[in-house]
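Enquirer: Sequence:
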Amino acid sequence: MSDDQLKANTPSIPLRKPYGSMDLISTKTPPHHGRHSKDTKWWVVLNLAFQSIGIVYGDIGTSPLYVYSSTFSNGIKHKDDVLGVLSLVFYTLTLLPMIKYVFIVLRATDNGEGGTFALYSLICRYAKVSLIPNQQAEDRQVSNYTLELPSKRLKLASVLKSSLEKSKFAKLFLLLITMLGTSMVIGDSILTPSISVLSAVGGVKEATSALTQDMIAGISIVILVFLFMIQRFGTSKVGYTFAPILSLWFILIGGIGFYNIIKHDTTVLKAINPIYIVEYFIRNKKDAWVSLGGVVLCTTGGEALFADVGHFSVRSIQVSMCSMVYPALILAYTGQSAYLRQHPDSASDAFFKSVPGPMYWPMFVVSILASVIASQAMISGTFSVVHQSLSLGCFPRVKVVHTSANHEGQVYIPEINYFLMLACVGVTSGFKTTVKIGNAYGIAVVFVMTLTSALLVLIMIMIWKTNIFLIILYVVTIGFVELMYLSSALYKFTLGGYLPLAFSAFLMTVMYVWNNVYRRKYHYELDHMISPARLTEIFTNKNMSRIPGLAMFYSELVQGIPPIFEHYVSNVPALHSIIVFVSMKSLHVNKVPAEERYFFRRVEPRTLFAFQCAVRYGYNDVREVAFEETLITRLKEFIQEETWMQIQTLSIGGKMTESGRESDREIEHNEISKAKQAKEEKLREIMEQEIEQVEKAWEEVGIVHLIGQNEVIASKESNVMKRILVDYAYNLLRRNLRQSEAVFDIPHKRMLKVGMTYQL
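If you count by UniProt numbering, then the sequence shown holds residues 1 to 760, one letter each, in order.
For the record, the hints were derived by calculation from the structure and aren't laboratory data.
Quick caveat: nothing in here was measured; it's all calculated off a predicted structure.
You may find that some hints are simply not true.
[To be verified] Simulated pairs of lysine-lysine, DSSO-like, Cα-Cα distance not exceeding 30 Å:
(1) Lys-399 x Lys-77
(2) Lys-753 x Lys-636
(3) Lys-722 x Lys-399
(4) Lys-353 x Lys-205
(5) Lys-161 x Lys-171
(6) Lys-286 x Lys-465
(7) Lys-436 x Lys-155
(8) Lys-79 x Lys-436
(9) Lys-128 x Lys-155
(10) Lys-128 x Lys-166
(11) Lys-205 x Lys-168
(12) Lys-432 x Lys-79
(13) Lys-722 x Lys-676
(14) Lys-128 x Lys-168
(15) Lys-285 x Lys-77
(16) Lys-128 x Lys-722
(17) Lys-79 x Lys-285
(18) Lys-263 x Lys-155
(19) Lys-716 x Lys-171
(20) Lys-465 x Lys-436
(21) Lys-263 x Lys-79
(22) Lys-286 x Lys-155
(23) Lys-79 x Lys-353
(24) Lys-171 x Lys-722
(25) Lys-353 x Lys-465
(26) Lys-205 x Lys-161
(27) Lys-286 x Lys-79
[What the hints assert, rightly or not] Restraint ranges, calculated between C-beta atoms of paired labels, are given here:
(28) Glu-595 x Glu-681: 23 to 31 Å
(29) Asn-543 x Met-229: 25 to 33 Å
(30) Leu-176 x His-402: 53 to 61 Å
(31) Ala-533 x Met-229: 23 to 31 Å
(32) Asp-727 x Arg-606: 38 to 46 Å
(33) Tyr-418 x Ile-99: 34 to 42 Å
(34) Phe-493 x Pro-274: 25 to 33 Å
(35) Arg-606 x Leu-46: 51 to 59 Å
Just so you know, even glycine gets a beta-carbon here, dropped at the ideal spot from N, CA and C.
Please model the entire structure based on the sequences and the hints provided.
Expert: The following block contains the structure:
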């Protein structure tokens, strides 16, 4: 349907005045910047920095457990190979987590939120690349929606923006990249618990040789199952309780690293010279390139720096990374290298073998706890990512449980939790060693980093208007390094690297099937929405009676009247006295302020007493518990504001009339004032009657929720692929997942399902 047809078929509805404009009903509160305020005190930053150590850095902090064992999987062939790998680790940690994420990517937050969907949302807000045509001009009035763009306009940015908006392929490709990044993050959360816990438990071999690798894998599985079983208690009860342990962990690995440097080999510090990287590649050739798949594991969790920034602030992440995490990791890797220079046969378990004897058991216990916390951070991150993709129609309906009253972003998703648990148990029992899991882990890590860079380059060009030479510098340095690591990780495809790609392929298929049919259903509703003439005919039908009460019709459509309404009236010749067409709409923004969430339009003429309501959420927003009560309150406020606007229009019109008749203004002044006053009183009387009617319907009769019981089938003209997609894949997902009423938490006693068929 074209834009002109859409406008023609959409009832003429006055624009709503923003909340807070009338003193009588002002519900707007002053903006609260919270943790992201520019004038945040330094001690607040330090407090957040300390908290972030326990939440953000678990993954990257436990990487010293397995990096060298994965890199030197075939042993150390030359003493100076240790220097070459240490130099690679040093510059990789400096270039990717430090420079790329801490000082570049963190600038691309979406109102303080990070992650793949945050980057995608930034692009969607700047350019019209969303595949669902549910954008409204009023969406840009949401306070969090507007981007702060540089004043300088570049031709390249305009050309790229125009190209993206005109190309349907580019829009779909951009969405698929986002889905791939999301699926890789989920795959990462499967591998992180497996490799972290398995590495930590494997350290017990230094104390006793009685335990076999199968027994170590069994103990790891028990710990993993316990970890997933306690997820329902919430992140705050699981993660924050042990957060100080990671601070202790960084202090210990940094201190032991410094001790090993002094005791074993201080000359290892010369690895800061990158010439050792060149010599390492000359000496080992292809084997050196293959070993990059192990080296890159030192950056695991780098994406968490960006994904978890919403819980803290950019400054706190920068402070904690630069002051504790980065120095501790450099000391830890350097200390292990110093030990390996003297004991090259210990590469398979370099971490625990380099720990001084008296510190072994304390480090073993702390490493177990640190690996559990690292796993917890990735699991919680996966819940958040799925919640975001669910909000934007890119994931099947699952139950989202909010586990904290104080932190809205903390969620628990039972279906995802059990999927992750089964996958982690399968990976741990199948591979049993960290070397094999590391082969799979590398691909997941580098893929996510590379996709982030691709989206970031688009933001640099279109939104930041970055100098083209700086963009080229970013691509030829960071981009080249990431592609080198990705090529090495992919080389190990048959050695376990296929696992994250298989996970991602499965998850992407699920996400694409659901999103594709979701978009097709929206376009179907758009093409079959009820015209204003047909709507008036329905309401004026003499056989159609109006009964007391308020009815809410739910649909995805934000423009016009959805076809579910006609399906209802064709079977039930009665309409409630008040009709509200509700659509749950997700904006490409992290949060929508509560006072800007409900956007009402009146369906004309006024005598119909019907409204459209778009309930706008950000991808991190929590749906209200008292949804009905809030909607009724906002509806009454809308009626008041609408009346206020009409009164203001009368006042302006009266002044224009008076100025146009200046010669005899004194004679007609009283008549005009009386007429205006009479109209104002009439408007106020209608307003009071409508508000009273809403309150009566809400308090005495109640609300009836009408939701579509949709059967989705492919049309007769569809090809084989479309039939498989719609009739089999989508319907298989729909039958085995939660229904709409369970997701929206609609009470069954006041719910009525309207059956209708979508032929897509």
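Enquirer: State for each hint whether it applies.
Expert: Structure-based check of each hint:
Between Lys-399 and Lys-77, the direct Cα distance comes to roughly 52 Å. Violation of the 30 Å bound is thereby established for this hinted pair. Under the criterion of a C-alpha separation no larger than 30 Å, the hint pairing Lys-753 with Lys-636 is consistent with the structure, at around 27 Å. Restraint check for Lys-722 and Lys-399: satisfied, since their Cα atoms lie roughly 28 Å apart, inside the 30 Å limit. Distance check on the hinted pair: Lys-353 and Lys-205 sit about 10 Å apart at the alpha-carbon level, within 30 Å; holds.
The hinted pair formed by Lys-161 and Lys-171 meets the criterion: a straight-line CA distance of about 11 Å does not exceed 30 Å. Taking the CA atoms of Lys-286 and Lys-465, the gap is near 40 Å; set against the 30 Å cutoff, the hint is violated. The hinted pair formed by Lys-436 and Lys-155 fails the criterion: a straight-line CA distance of about 48 Å is larger than 30 Å. With a C-alpha separation of about 25 Å, the suggested pairing of Lys-79 with Lys-436 holds against the 30 Å cut-off.
A hinted pair counts as satisfied when its Cα atoms are at most 30 Å apart, and Lys-128 with Lys-155 qualifies at roughly 18 Å. Restraint check for Lys-128 and Lys-166: the C-alpha separation of about 9 Å stays at or below 30 Å, so the hint holds. For the hint pairing Lys-205 with Lys-168, the CA-to-CA distance comes to about 56 Å; that exceeds 30 Å, so the pair is violated. Proposed proximity of Lys-432 and Lys-79 is supported: the alpha carbons are some 29 Å apart, at most 30 Å.
Between the alpha carbons of Lys-722 and Lys-676 the distance comes to roughly 61 Å, so the proposed pair goes past 30 Å and is violated. Of the supplied pair hints, the one linking Lys-128 and Lys-168 holds, its CA atoms being roughly 11 Å apart against a limit of 30 Å. A C-alpha spacing of about 13 Å is found between Lys-285 and Lys-77, which places the hinted pair at or below 30 Å, so the restraint holds. The suggested pairing of Lys-128 with Lys-722 holds, with an alpha-carbon distance near 26 Å, which does not exceed 30 Å.
Restraint check for Lys-79 and Lys-285: satisfied, since their Cα atoms lie roughly 16 Å apart, inside the 30 Å limit. Our distance criterion of 30 Å between C-alpha atoms is broken by Lys-263 and Lys-155, whose separation comes to about 59 Å. Distance check on the hinted pair: Lys-716 and Lys-171 sit about 28 Å apart at the alpha-carbon level, within 30 Å; holds. The straight-line distance between the Cα atoms of Lys-465 and Lys-436 is roughly 43 Å, outside the 30 Å bound, and the hint therefore fails.
For the given pair, Lys-263 sits about 17 Å from Lys-79 by alpha-carbon distance, which is consistent with the 30 Å threshold. Between the alpha carbons of Lys-286 and Lys-155 the distance comes to roughly 43 Å, so the proposed pair goes past 30 Å and is violated. Pair hint Lys-79 plus Lys-353 holds up; C-alpha atoms about 18 Å apart against a cutoff of 30 Å. For the hint linking Lys-171 to Lys-722, the alpha-carbon distance of about 20 Å falls within 30 Å, and the restraint holds.
Simply put, Lys-353 and Lys-465 have alpha-carbon atoms about 50 Å apart, too far for the 30 Å limit, and the pair is violated. Under the criterion of a C-alpha separation no larger than 30 Å, the hint pairing Lys-205 with Lys-161 is inconsistent with the structure, at around 57 Å. For the proposed pair Lys-286 and Lys-79, the alpha carbon gap of about 18 Å is at most 30 Å, so the pair holds. Distance hint for Glu-595 and Glu-681: a CB-CB separation of about 29 Å, consistent with the stated range 23 to 31 Å.
In this structure the supplied range 25 to 33 Å is violated for Asn-543 paired with Met-229, their Cβ-Cβ distance being about 58 Å. Between Leu-176 and His-402, the C-beta spacing of about 30 Å breaks the proposed range 53 to 61 Å. At roughly 59 Å, the beta-carbon separation of Ala-533 and Met-229 lies outside the given 23 to 31 Å, and the hint is violated. Separated by about 44 Å at the C-beta atoms, Asp-727 and Arg-606 satisfy the suggested range of 38 to 46 Å.
A beta carbon spacing of about 39 Å between Tyr-418 and Ile-99 agrees with the range 34 to 42 Å that was offered as a hint. The given range of 25 to 33 Å is respected by Phe-493 and Pro-274, whose C-beta atoms sit roughly 29 Å from each other. A beta carbon spacing of about 58 Å between Arg-606 and Leu-46 agrees with the range 51 to 59 Å that was offered as a hint.
Of the numbered hints given earlier, the model fails hints 1, 6, 7, 11, 13, 18, 20, 22, 25, 26, 29, 30 and 31; all others are met.
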